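K.L.:
Next come the chains, spelled out residue by residue.
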Amino acid sequence: MEKKINIRKLTSTMQMPTHMEINGNQEVIVDGCSGVLEYDTDVVRIKTGKLIVRFAGRGLVIKCLTADSLVVTGYLTGIEFCV
Amino acid sequence: MISLHLTRWLLGYARFSVVGGSHERFLNNCARSGIYLWDITGGKDGGACVAVQSYRALRPCARRANAKLKVRERHGFPFATKGIRKRRGILAGAVLFMVIVQLLSLHVWSIEVAGNSSIPTEQIEAELVRLGVTPGTLKSKVQPQMLQQKLMLEFPQIGWLSVNTRGCSAQVQLQEKVDRPLIVGSQGETVCNIKAARTGQIVSMNVFTGTAQVSKGDAVVEGQLLISCVVEDKLGYMSLRHAAGKIIAETSRSLTTEVDLKRAEVNPTGKTLTRRCLYLFGARVPLTFAGKPEGEYRAEGVHTDLKLMNAVLPLGFYEEKWTEEKSRQITLTKDQAIAEAKRLMEQKKKEELKDAKILSVSEDTQFTDSRLIYAIKVKCEENIAQESEILIK
Chain A
1 MEKKINIRKL TSTMQMPTHM EINGNQEVIV DGCSGVLEYD TDVVRIKTGK
51 LIVRFAGRGL VIKCLTADSL VVTGYLTGIE FCV
Chain B
1 MISLHLTRWL LGYARFSVVG GSHERFLNNC ARSGIYLWDI TGGKDGGACV
51 AVQSYRALRP CARRANAKLK VRERHGFPFA TKGIRKRRGI LAGAVLFMVI
101 VQLLSLHVWS IEVAGNSSIP TEQIEAELVR LGVTPGTLKS KVQPQMLQQK
151 LMLEFPQIGW LSVNTRGCSA QVQLQEKVDR PLIVGSQGET VCNIKAARTG
201 QIVSMNVFTG TAQVSKGDAV VEGQLLISCV VEDKLGYMSL RHAAGKIIAE
251 TSRSLTTEVD LKRAEVNPTG KTLTRRCLYL FGARVPLTFA GKPEGEYRAE
301 GVHTDLKLMN AVLPLGFYEE KWTEEKSRQI TLTKDQAIAE AKRLMEQKKK
351 EELKDAKILS VSEDTQFTDS RLIYAIKVKC EENIAQESEI LIK
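Protein chains in written order, with my numbering: chain A, 1 to 83; chain B, 1 to 393.
Hints were generated in silico from the structure; no laboratory data involved. Each hint should be verified, as a subset may be incorrect.
To be verified - List time: in silico BS3-like cross-link candidates among lysine-lysine, alpha-carbon distance up to 27 Å:
| hint | chain 1 | residue 1 | chain 2 | residue 2 |
| --- | --- | --- | --- | --- |
| 1 | A | Lys63 | B | Lys70 |
| 2 | A | Lys63 | B | Lys177 |
| 3 | A | Lys47 | B | Lys44 |
Values in this document were obtained by computation on a predicted structure and should not be read as measured data.
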């Protein structure tokens, strides 16, 4: 039987605050997100543990949002990590 | 993805806008409360989609973010059926429909036979009816194994047969046997002589295999050995072969036809009656209320099954055409009788002397009280070689 992987547990043991998956410049899947700080069609700023990640782009949409993850789609032009 | 959209549509969802307050705070409140949002748009009139049952839970989140919610669009099954939900008749109808569909799906409504070429479909269907498989039979009562065995026993020319129930249709797929050809060879060859099929005088001989027992010009009687299967080689050893050859002989044949001078001729009067009926789920629903006509009528019927995407539906039409006929006694003249007899004789000649070369024909016509006897004597040349198998173990 395949063992279920808990992303949060895994990232915490590996000292990784978050798990981020970027598909081209069209989609970003973020696991371990703790909140949305800023949301507009051009900028999405999220809090991930000790980091703040800023996605810049055009026509940005949060495709879905749960307590610890979100999916951002649109035309991404930049990603910025603020400590 | 389709299943996700379908689930959302079935459960119902609403698209709302967040007016005033902090959009981001509202989103974070929703996420922490475990409310699932999707298609979240940003900007001044930003909003999102939420499942109908979660909409009420959004209000405290909005209040904490000093925002107000405004429903923009409603989608899904609960909203689509809002107008008709109070109409109990429609609801009862829908339930009844589901029940009827469920009940009807438990029965076999059409029987399809495929793969038969020499066995008529009607015969197989009649046998299936005898075995209890008719339109309307419960699917649970159809026993494919038993049907396969009984059908195979009833039709020995079937090589392979399978009965399957697919949906509401019983499908009979079969393959007919292919007769094993005679193996003629050095190992497992059949041994046979060539005998005379008719009495006559041999005109020409062409022996392919075997030893000729007669020669050109000999007179032979029916059943006489013409070519023997026993072959002797140069060293004097004997071996048995499949004898073959072409023996053309001059034979004499007598053919007779009889024609009645008085006969009943049936003519249609032009009066017709058409009766139609509908076959619905095995039941016969008459569409014409006329009964069977009395008198002399000839009936012809056509049954048409409706098909949808190659599947036979439990719906069919049957049309019967009744044509009135009147019979009268007629007496043929001698010329008419001879012409009729000659026509019949030509057919007989085509059947019996199809491979023969006719040399001469002599006719004989004889009239009795009520019939004409027309006989011919034919001299012809034909192949009289006939294989006669010898069973050797």
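K.L.:
Any of the earlier hints contradicted here, and which numbers?
P.N.:
Violated: hint 2 alone.
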